[in-house]
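Undergrad: Residues per chain, in single letters:
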Amino acid sequence: MTRTVARQTAPAPAQPRGGARTRAGWTPWLYLAPALVVLGGLLVYPVYQLGLISFLEYTQAQVSGGEPTSFRGLANYCELFADEQFWQVLVATVGFAAACVVATLAVGCALAVLLTRVRAVPRLALMLAALGAWATPAITGSTVWLFLFDPDFGPVDRLLGLGDHSWTYGRYSAFFLVLLEVVWCSFPFVMVTVYAGIRAVPGEVLEAAALDGASQWRIWRSVLTPMLRPILVVVTVQSVIWDFKVFTQIYVMTGGGGIAGQNLVLNVYAYQKAFASSQYSLGSAIGVVMLLVLLAVTLGYLRLLRRQGEEL
Amino acid sequence: MSLARSWVRRPWRLAAELTALLVAAVVAFPLYWMLLSAFKPAGEIESTEPRPWTSSPSLDSFRRVFEQEAFGRYFVNSLLVAVSVVVASALIAFLAATAVTRFRFRFRTTLLIMFLVAQMVPVEALTIPMFFLMRDFGLLNTLGSLILPHIAFSLPFAILMLRGFVKAVPKSLEEAAYLDGASRARFLWQILLPLVLPGLVATSVFSFISAWNDFLFAKSFIISDTSQSTLPMALLVFYKPDEPDWGGVMAASTVMTIPVLLFFVLVQRRLVSGLGGAVKD
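Going down the list, the protein sequences come from chains A and B.
Residues in the first sequence are numbered from 1 upward in steps of one, following the UniProt record's numbering.
Residues in the second sequence are numbered from 1 upward in steps of one, following the UniProt record's numbering.
These aren't lab readings, by the way, just hints derived from the structure by calculation.
Each hint should be verified, as a subset may be incorrect.
Label-pair ranges, simulated between beta-carbon atoms [to be verified]:
#1 B:Arg135 to A:Phe81: 54 to 62 Å
#2 B:Val265 to A:Ala33: 29 to 37 Å
#3 B:Phe137 to A:Ala61: 41 to 49 Å
#4 A:Arg72 to B:Tyr178: 19 to 27 Å
#5 A:Tyr169 to B:Phe137: 14 to 22 Å
#6 B:Glu67 to A:Val63: 33 to 41 Å
#7 B:Leu173 to A:Leu124: 51 to 59 Å
Here a beta-carbon is modelled for each residue, glycine too, at the ideal position from N, C-alpha and C.
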């Protein structure tokens, strides 16, 4: 991600030595202060509280102050892990996120390549359409897609001759419908980023490869892919993080988790536990599980960066 | 580019261009259908033979949306929240990005890793502690309870993305400014800020979207005072699970999508080059 950082920051003696340097010692912290205050108060502290609540007995009675909070240790986690539905939701979340990431990356990358092969007008058309999808708020995107696939009034069932087939009734078809919406609104980020990356590859490199007699496939595999690797890693990690956290689409399109909770994902599950059934501590425990999974993803990403010898 | 073109023979390029146009049409179709349905008269929306055009466009659905009690209020609230979040997080992120790119100091890498970790925190999972925090601040039922969390949630990504832009400003410019007697503050606000502005705009898109889209916090923190509610709530009024008023939903969706779309069109070029710049480095 940051190949030139090392180049730019390593020879850093631009800072004057002596007195000026000690002043520089405080300046960055001064600049960082607002960000650290905001993040500390509104991100780190809530995360800490989330962890704390997950160890407490915390229901409506404690919220209203009727009963004192009591420490339950790992009891909430035990309850959660003993619940069959939790495991079902966890598996569904991982599977759904994986499918979304693969589909988003495949569509995004394929269209980025397509963009490099066409002239200005089709490129502009595709770019504008993609920006439109990107700009659409998740909540309006969800309602629009739901309407498109509506069994009574939607055009898709008519077009496919499916009669009044309901897409949200079956578990997998509901997930599929949500997946379509998620891919629709998240492929533009991948497409635009990868396209910008391909364009940034110097023409001479490709020319040299072509002159050396490399086939097109060979150029892709041995020249472009390695050069695009940092970008691909970034968009992959970003997609994993976003798709694992999908909330709005599931919540709106499946009416809060589908029939009998068949379409729940962790994020919605946590919300339902906390706010629909007032089990705040169980909801927090689910939140902690999510955090740990995403933390593992991020740490894996950092290790990958380090192994590639790249500096942040 | 020119080389990429010469790779492909003519018929292939035509096929590629046709595919591109086709994909563009498919991608744009949901938005087209939203607009179309917003303008269709009630009878045509609730029709089992939906047609991709309308012979008698009507503003009935929009009328229902705007006649909703306090709809204008919701719109202004949404705008207030989004603009406050954008301005505050842009300024804070600009300072922080400057600190981590133009200075070497202890814990710099640690901080960067922390920003990276912070941006993966699932916002929704924090609804519970955030609710208690806002209650303790006495901010429940105010716009502040929507603004503050979104500033925090959009900061990490904004800082990481802005780094590329701040880094791109040559060091020599900074030295020249100091040689000419400019103070650090002067360099920061009068030289660096204008140069980084395009990047700042591109970054703003993300914080704008996250604030504009939010319905979870609006739903959870604005519990009794509906005059402090935001647009997504006005949309959900029409969206009843069993009997949705599709015309109203589509009209409200249109009203909600247009400002973001305008923002995107305005910053489009900067966004594309910005993402390239942010990721390329």
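Undergrad: Which of the numbered hints above does this structure break?
TA: The structure conflicts with hints 1, 3, 4, 5 and 7, although it agrees with all the remaining ones.
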